Amino acid sequence: MPRAPQTLFEKVWQAHEVSPESAATPAVLYVDLHLIHEVTSPQAFALLRERGLGVRRPERALATMDHSTPTLTAQVFGGAPIAIDSAARQVRELEVNCAEFGVELLGLRHAQRGIVHVIGPELGLTQPGKTIVCGDSHTSTHGALGALAFGIGTTEVAHVLATQCLLQRKPRTLAVNVHGRLRAGVTAKDLILTIIGRLGIAGGTGHVIEYRGETIRALDMEERLTVCNMSIEAGARAGMIAPDETTFAYLAPRPRAPQGAAFERALDAWRQLPSDAGARFDREEHFDAQTIEPMITYGTNPGMVIPIGGSVPTRGDDAAFSQALAYMGLTPGAAIKDQPVNVVFIGSCTNARLSDLRSAAAVLRGRHVAPGITMLVVPGSQDVKRQAEAEGLHQVFLDAGAQWRESGCSMCLGMNGDLVGAGQYAISTSNRNFEGRQGKGARTLLASPLTAAASAVRGRVTDPRELT
Amino acid sequence: MEPFTRLRSRTVVLPAANIDTDQIIPARFLTTTTRTGLGRHLFADWRYDERGAPRADFALNRADAQGCSVLVAGRNFGCGSSREHAPWALLDYGLRAVVSTQIADIFRSNALKNGLLPVVVDEPTSAWLIAHPGVEISLDVAAGTLTLPSGAAVGFPLEAFARHCLVHGVDELGYLLARGDEITAWELRQ
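Chains as they are written, first to last, in our numbering: chain E, 1 to 468; chain C, 1 to 190.
Just so you know, these hints were derived from the structure itself, not from any lab. Misleading hints may appear alongside valid ones.
As the list claims (entries may be wrong) - Here are the simulated lysine to aspartate or glutamate pairs, DMTMM-like style, with alpha carbons at most 25 angstroms apart: (1) E:Lys-11 x E:Asp-282; (2) E:Lys-170 x C:Glu-187; (3) E:Lys-337 x E:Asp-463; (4) E:Lys-440 x E:Asp-318; (5) E:Lys-440 x C:Glu-187; (6) E:Lys-440 x C:Asp-45; (7) E:Lys-440 x C:Asp-57; (8) E:Lys-170 x C:Asp-57; (9) E:Lys-11 x C:Asp-45; (10) E:Lys-170 x C:Asp-171; (11) E:Lys-11 x E:Asp-220; (12) E:Lys-337 x E:Asp-282; (13) E:Lys-170 x C:Asp-92.
These numbers come from a predicted model, not from an experiment.
Taking the hints into account, I'd like the entire structure generated from these sequences.
Structure representation (structure tokens):
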């Protein structure tokens, strides 16, 4: 009997069912790759100790440090103490936990350390068809290579450490179809912000998104990572893109991808993964890429987003909306363009890969950031940092008056010392503009690296197409 | 985990929609390595002023909110990060259930693993509860019902296994560990 057409998600899910779900019990789902970081793992290792348990498959786990780690070179390599004592304790605790439980750690001074969602793909550990989890909601990033990847809590981190499995109900599927060509100056970040703006920040709840259509096919791998990264900002735990020649070419030279004959065998399996013709999704949405503009957020969640030439919306009787604008210090009906900014942040698991740094550097080359602007450029990994330095990108940033840091989550979330001050406006390439996300009272405007760099030059929100 | 079958409590209300995990527990409190003691940082940036004193106008700080163990919140509670510190902070503060019209996926999963009950109700019920802070309601986990002061019972969905774990105090890790042979057999087939 011929098999019913399946989606990419269904194929990966089914291949990892130790036991399928029933009315009474969730599926037992096997995890191929477990990524671990210092902030959401200490209590999980503590739980293993309390219960006298070991790590079932340590070779399927990889740990690194990114969230609470400093980005100042002196604190990473220079022998200066980590300024935040509790962060230093987390770093030490992860070292102890990994040594005791036999988990590989790319530690603070390791040459391959970086943001967990940057190094997975970069090392070639993120592969099509894998199940990947991490105690971090932006684990959705890894779906860009055709993996099923989602964020979990710390109790689930312990479940995976102890059993290599999770109890999961099967989510529904949502196809996001994108057609047409993105225009010059419009990036993958603008595309995903547009999608979130339309779906809403809870629009993907209970779903796994598959991004499809010729616009998605035309994206390079780093652009696809940016798109899948923000799936969670639409409420979807996972976002996926079917693996194709772009995926395979990206993976071929990666140190931890299968090599030689093993790569050829893997390719045969990976080519079977894309959704079958006629596969049914629970829901479908369509987007026209040609109408998308550079986008920027104006409120306190990523769904509060407008084209850069637009105005802050007006909504009469909506207390939450008014509260968001009051927090942001913005006026309904006002243009967002030319809004003064204080801080510019190029970084995070959304936009800190080499291509992001290249596009920001292209805007900044031969220019200088406006007086009074603090600009941080924080590469997504130490590997990205080395490559950028080999191309001289760091010199472009330094010459422009920006700071060039060691890799980490940095200013994306205020827990490592890189903070935006109360009341200050930060234009940021990161993924969340929640109240206080970048520091207590900080006002975040999310945008692409191009828009952030252009805004740094003028010291106010700037359409990058005006500077090219 | 202790069995969780029933709860009777007055409500405390935060009407805002989309209360994200950065509001529930700001990132600067995440450099802890334990699960305990987070209650004092719950909603820290809404709850305390610049000098660290409680803001009188914040719902949780009002005298009649003390001792409430049910939080009623606007739509899409718990969106954002996967930090389990969010349910840890709510529980450590003394809350046992969150009532909303929609609760974010990862937060709901984390809540259930710690015995914090996610209660998703229809729009009219939510609107009524938001308009009437401090009313006494009761929750029956096995029946999946929320009973209003009028005596009217409103159903709320709860995944069957999660309900079983709550009602009987079953620990999911123990359940998974008991499936060890099956997991080994699956690994050998790959």
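Starting from Lys-337 of chain E, check that the Cα of Asp-463 of chain E is at most 25 angstroms away, please. Holds. Lys-337 of chain E to Asp-463 of chain E sits at ~7 angstroms (cutoff 25 angstroms).
Does Lys-440 of chain E pair with Asp-57 of chain C here, judged by a C-alpha cut-off of 25 angstroms? Holds - the C-alpha atoms of Asp-57 of chain C and Lys-440 of chain E are around 19 angstroms apart, at most 25 angstroms.
CA of Lys-440 of chain E to CA of Asp-45 of chain C, is that 25 angstroms or under? holds, 7 angstroms
Hinted pair Lys-170 of chain E and Glu-187 of chain C, Cα distance within 25 angstroms: holds, 21 angstroms
Mind checking the alpha carbons of Lys-170 of chain E and Asp-171 of chain C for me, to see if they're no more than 25 angstroms apart? Distance of about 21 angstroms is within 25 angstroms: holds.
Decide if the proposed pair is consistent with the structure: Lys-170 of chain E and Asp-92 of chain C, CA atoms, cutoff 25 angstroms inclusive. violated, 31 angstroms
Agreement of Lys-11 of chain E and Asp-282 of chain E with the hint, judged by alpha carbon distance not exceeding 25 angstroms: Given that 25 angstroms is the threshold and the Cα spacing comes to 15 angstroms, the pair holds.
Between the alpha carbons of Lys-11 of chain E and Asp-220 of chain E, is the straight-line distance 25 angstroms or under? It holds: about 24 angstroms lies between the C-alpha atoms, which stays within 25 angstroms.
Checking one constraint from the list: CA of Lys-170 of chain E to CA of Asp-57 of chain C, max 25 angstroms. Satisfied? violated, 42 angstroms
Are Lys-440 of chain E and Asp-318 of chain E close enough, with their CA atoms no more than 25 angstroms apart? holds, 24 angstroms
Hinted pair, alpha-carbon criterion (25 angstroms max): Lys-337 of chain E, Asp-282 of chain E. Please report holds or violated. violated, 38 angstroms
Mind checking the alpha carbons of Lys-11 of chain E and Asp-45 of chain C for me, to see if they're no more than 25 angstroms apart? violated, 44 angstroms
This entry does not satisfy hints 5, 8, 9, 12 and 13, going by the numbered hints stated previously.
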